[in-house]
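Take each chain as given, in its own frame, and dock them per the hints.
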Amino acid sequence: MSALTDNPMQPRPTPSDTRPLFWSVRRELWENRAVFVAPLAVAGVILFGGLVGVFVGPHSKATVQTTTTVVQNGTAVTHTAQLATAMTPGQRAALAAIPYDFVALAFIVTLFIVAVFFSLGALHNERRDRSVLFWKSLPVSDLTTVLSKAIIPLVVLPPVAFVVTIATQLIMLLMNTASLAAHGKGVANLLAQAPLVSMPLLVAYALATLTLWWAPVYAWLMFISGWAKRAPFLWAVLPPLFLALAEKIALGTQNVWSLIVYRVMGGFQQAFVVPTQATMKAGTAFPNGLPQLDPGKFVATPGLWMGLAFAVAAFAACVWLRRRSDPI
Amino acid sequence: MACIEARGLKKAYGKSIALDGVDLKVEEGRILGLIGPNGAGKSTALNAMLGLIEYEGELKVLGRNPWTERDRLMADVCFIADVAVLPRWMRVADAVDYVAGVHPRFDRAKAEGFLAKTTIKRTSRVRELSKGMVAQLHLALIMAIDARLLVLDEPTLGLDIVYRKSFYDSLLNDYFDRNRTIVISTHQVEEIQYILTDVAFIDHGRIVLDTSMEAFEARYAELMVGPDNRAAALALNPIHERQVFGRSIFLFDQADRAKLATLGEVRTPSIADLFVAMLGGAQPQGVAA
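One line per chain: the protein sequences are A and B, in this order.
Under the numbering used here, think of the first position of the first sequence as 1, with each following residue one higher.
Under the numbering used here, think of the first position of the second sequence as 329, with each following residue one higher.
Quick caveat, the hints were computed from the structure, so don't treat them as lab data.
All figures in this text were calculated on a predicted structure; none of them were measured in a lab.
There could be a bad hint or two in this list.
Computed footprint of chain A on chain B, listed as stretches where at least three residues anywhere in the stretch have a Cβ under 8 Å from a Cβ of chain A [what the hints assert, rightly or not]:
1) 414-422
2) 509-519
3) 570-578
The calculated lysine-lysine pairs, modelled on DSBU-like cross-linking and capped at a C-alpha distance of 35 Å, are [what the hints assert, rightly or not]:
4) B:K343 x A:K229
5) B:K445 x B:K493
6) A:K229 x B:K338
7) A:K229 x B:K388
Beta carbons are placed, not taken as given, at the ideal position from N, Cα and C, and that holds for glycine.
Here chain B stands alone, though its shape is the one from the complex (with noise of 0.2 Å):
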C-alpha cells in the first residue's frame, strides 16, 4: 500500500488555486522532498495530507481520508508544521505529560533520552528557550512518537546552520527505517539533498517533476566547460546555463555522459541547480527552461 496516494488533487482559495490537479504516489519508508517557490502550493499539498484542509479530488494517507479521519490518522503519522508552533505557556515537562497523555504511540522514556541529550531544562517554559532548542523539543516529541510517516513543513525555518544539521542527522540516525515515510518541504534544498530518496517539484499548484534519487542522478547531469568548447555544449540541447567565472556550466537531460566528457567535467547537479534550471523563469541566455 502507498503511504500517500493523491489523484486531481485541487484546493482553490477564492480565485486564487493553490493546487491544481496535484498526482503523487510516495510508497512507504521513502524520505520525499517537496520542493518549490514561494506560494507553489507545498504547504497546501501537505495540510491536505494532514487533514487541516479539505479539498477536492482523491487523497489517501496510509489508507485514511484526512479530512474526515485526522484524529485517527493522527494517531499514525507525526508532523513538524514550522518551529514556532509549540504553545510558549506551556512547561518542557507538561508538554510530555501531555503527549504521553493523548498519543497511544509515544515512548516517554525515548522522549527523556531525547532531551537528556540537550541543555533543555524540566521547569523550562517554551518562551524561556531559544528557538534551536524549542526545534530539539519538537523534535524530541515527534521522534519519540511510533510513527508511520513524518511530515516536515520547513522544520528549520530560522534556525542556524548546527542546529539545522544536527537536526537533520539525528533524524536520520534515530529515526528513519525502512518502514517510515518522511516528507520534507523546505527551502534549504542543498542541507536535505543527501538524505533523500525521491525528490518532487511543485509549481502553480502543479506536480512539474517526481523521480527517485536514483533516477535523478541518471537522467541529470552537469556539464562544465570553458569558451572554447561552449557552441558544442549548446548543441547538445542543455536544458540550462549559468556562467561562473567565465566557464559555462550547462544542465542536460537525458544526455549522454560519454559524449558530454569530451567537452569538459561532467557532475550530478545538485537539486538547487536543477529547481532553478526548471523553475527559475526566464533565463537571460535565452535556453528554454
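Just chain A, same shape as in the assembly (with noise of 0.2 Å):
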C-alpha cells in the first residue's frame, strides 16, 4: 500500500489540452453515420440509374429528353427532337441541364431528411440509451455539447451534400460523354453545353440559402428531441398541425398553415428568381439552364431573419433543457 504514503502536497500533472467542441462533433459523426451513408447512398442510386441509361442505349435516351413537356399560357407543348434545333440556346442548355437539376435537387431533399432525423434525435437518444450520464461525467458544457449538435445540420451537412452533388453530376457527364463517345457523336456540343461553373455555384448558393432558411425547422425539432419524453417526432410534427386544423375550423383562414408551407417550401421562391410567364416565354427563365440565383431578395426577405432568431432562442432553450436533462 505504498500509494498510502504518498505526500498529499505533491503536485498534480499538469493539464493537456483538450478540443472538447471539436470531439464532441467527432463523436456526433460517429454515431449518426447518415451524414455520410445516406447522401451516399443516393448518390449509387442515381447513378446506377444512369449506368443503366447508358447501357440501354442513346436511343431511349434520346426519348427521355424529346419528350420534355413544359407549360406555356395553359397548354402543354412538347418539345420534340425536331423541335430541338429550332429552340433557342438558352432553351437547349435549360433540357440539357435538366438530369443535373434533378440530381441537386435529390441531394437537398437528401440533406432535409437527414438534418430533421439527426435533429430529432439529438437530445433524445443520450437520454433514451442513458449515455448522457456518461457524456455529463466528463467536463464538456451543455452549450458546447447544444453547438456540436447544431453544427451537424448547419455546418457538417450542407459541405458533405455539395461534395457529393457535384461528384456525382460530373461522373453522370462523364458518363454520357462516354456513352456518346462510344457511338461516335461529337461530344463537344455536350461540354460546351454543360454548366461546368454556374452548376457548383448553384448547388453551394441553393445549400447555404436552404440551411439558413430550414436553421428553424432545426432548432424546433432539437428542442422537441431535448423536451418530449417519447415520440419526439409526433410532438414536433402533430401539435402546428392541429393548430392548423384548428384554426381553419375555428377562424376558416389558414395562418398556420401557411406558416408552416413557407418554411419548409419558401425557401427557393425566396433564394432564386421566380420563372414568370413571360420569361418562361422568351427563354430567358433558366440562363445557362439554370435558375437565377436572387441574393439580394433573400437577405431582404423578413421571414429569414424571424427564423434564424426563432432557432438562435430555441438554441438556447436546448441548452437550458440539456442542463436539465436525465435519462427517460
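This is how it looks when you write it as C-alpha cells:
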C-alpha cells in the first residue's frame, strides 16, 4: 500500500490541451453515420440509374429528352427532337441541365431528411440510452454539446451534400460523354452545354440559403427532442398540424398552415428568381439552363431573419433543457 | 478544505421529498459508503453533488457549486452512474480518443495499460461487449483520469461476483491514494465494507448515521448468546435482535465490550447488519430499531 504514503501536497500533473467542441462534433459523426451514408446511398442509386441508361442506349435516352413537356400559356407543349433544333441556346441548355438540376434537388431533399432525423434524435437518443450520464461525467459544457449538435445540420451536412452532389454530377457527365463517344457522336456540344462553373455555384448557393432558411426547423426539432419523453417526431409535427386544423375550423383561415408550408418550401422562392410566364415564353427564365440566384431578395426577406431569431432562441432553450436532462 | 460539504440539502420531485435537509461533510482522502434503502435519496444526493439536478440548500464540491459549474467541476470529478451508460454504438478506440480529446487530466497510456489487461478489442462496439467488459472499459477510462473525487452510484449492478471483486480490487490498488476521495453507493454493502473509511446511512432523505469506520467499530458490537443468556443480554438494551439456529444475535450501541464478553461471543457487526437493525423497519422481536 505504498500509494497511501504519497505526499498529499505533491503537485498534480499539468492538464493537457483539450478540444471539447471538435471532439463533440466527431462524436456526433460516429453516432450518426447517416450524415455520410445517406448522401452516398442516394448517389449510388442515381449513378446506377445513369449506368443503366447508358447501357440501354442513346435511343431511350433521346426519348427521355425529347418528351420534355413545358406548360406555356396554359397549353402543354411537348418538345420533340425536331423542335430541339428550333430552340434558342438558352432553352437547349435548360433541357440539357434538367437531369443535373434533378440530381441537385434529390441531394437537397436528402440533406433535409437527414438533418430532420438527426435533429429529432439529437437530445433524445442520449437520454433514452442513458448515455447522457456518461457525457455529463466529462468536462464538456451543455452549451458546447448543443453547439456540436447544431453544427451537424448547419455546418457539416451542407458541404457533405455539396461534394457528393458535384461528384455525382461530374460522374454523370463523364458517363454521358463516354456513351456519346462510344456511339461515335460528337461530345463537344455536350461539354459546351455542361454548366461546369454555374452548376457548382448554384448548388453551393442553394445549400447555403436553404440551410439558413431551415435552421429554425432544425432548432425546433432539437428543442422537441430535448423536451419530449417519447415520440419526439409526433410531438414536433402533430401540434403545429392540430393548430393549423383548429384555425381552419374555428376561423376559416389558414395562416398557420401557410406558415408551415412557407417555412418548408418557401426557401426556393425567396432565394431564386421565380420564373414568370413572360420569362418562360422568352426563354430567359433559366439562362444557362439554371435558375437565377437572387441573394438580394433572400437577404431582404423578413422571414429569413425571423426564422434565424427563432432558431437562436430554440437552441438557447436546448442548452437549458440539456442542463436539466436525465435518462428517460 | 472538505471535498464535499452539504448543509440543509433539499430536493423535492413534485410532492415527494427526495432529500429532506441532508448535512454531510466528506474530507479529502476518504472512501465513503452511502448506504440506504431504495428510494431513500442516495441517487438524488449523488446527482446533486454531480451537478445533474437542481437543489435547495448549500452544497460545495471541491469548493464549487455543482449546479452552476458542472463542466468545470467535471475536470476534477469522475463518476460512474451505473454500468450501462456507455453509448452502445461507440467503438472502444473511439471512446478512448474522445475522453482523451475532452478531458484535460486523462492519461491515455494509463487507459491503454488497463485495457491491455482485459480481453476487450479496440475495434469492438460497446454493444458487442459483455456487461462485465463494459464495466471494465468504463473503469479503465475513469481510472486513467487524475481526478480528485470519484463518485460511484451502484457501479457493479448486474455484474457477477468475479467482476465485482476485481472492480473494487483495482479501484483500491490501482486508483486510490490519499489525495483522492471516493463516494460509493451500493446495495452490496458487505462487498465494500473492507474498503471504506467512512459510512453514512440515508433514509427518507435524511442522514441517519455518519461515522468513520474506526468509530463504527468502537461504537457497535455484536453479541451471540445461547437461550440461557438471552434475558441478561436483553437487559443491556440491545438495539436489535435476530435469531439464528436457536441462538440470539444482539446488536449493541456503545455497550461495554468486557461486560458483553461474559455473556457470549462478541464481534464487530457488519455494516449490513447495522443497516438492517437501524432501517429494517418493524422488528418481530419488538426490540426498538
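Discussion item. Which constraints among the numbered hints does this structure fail? Numbers only, ascending.
Written reply: 2, 3
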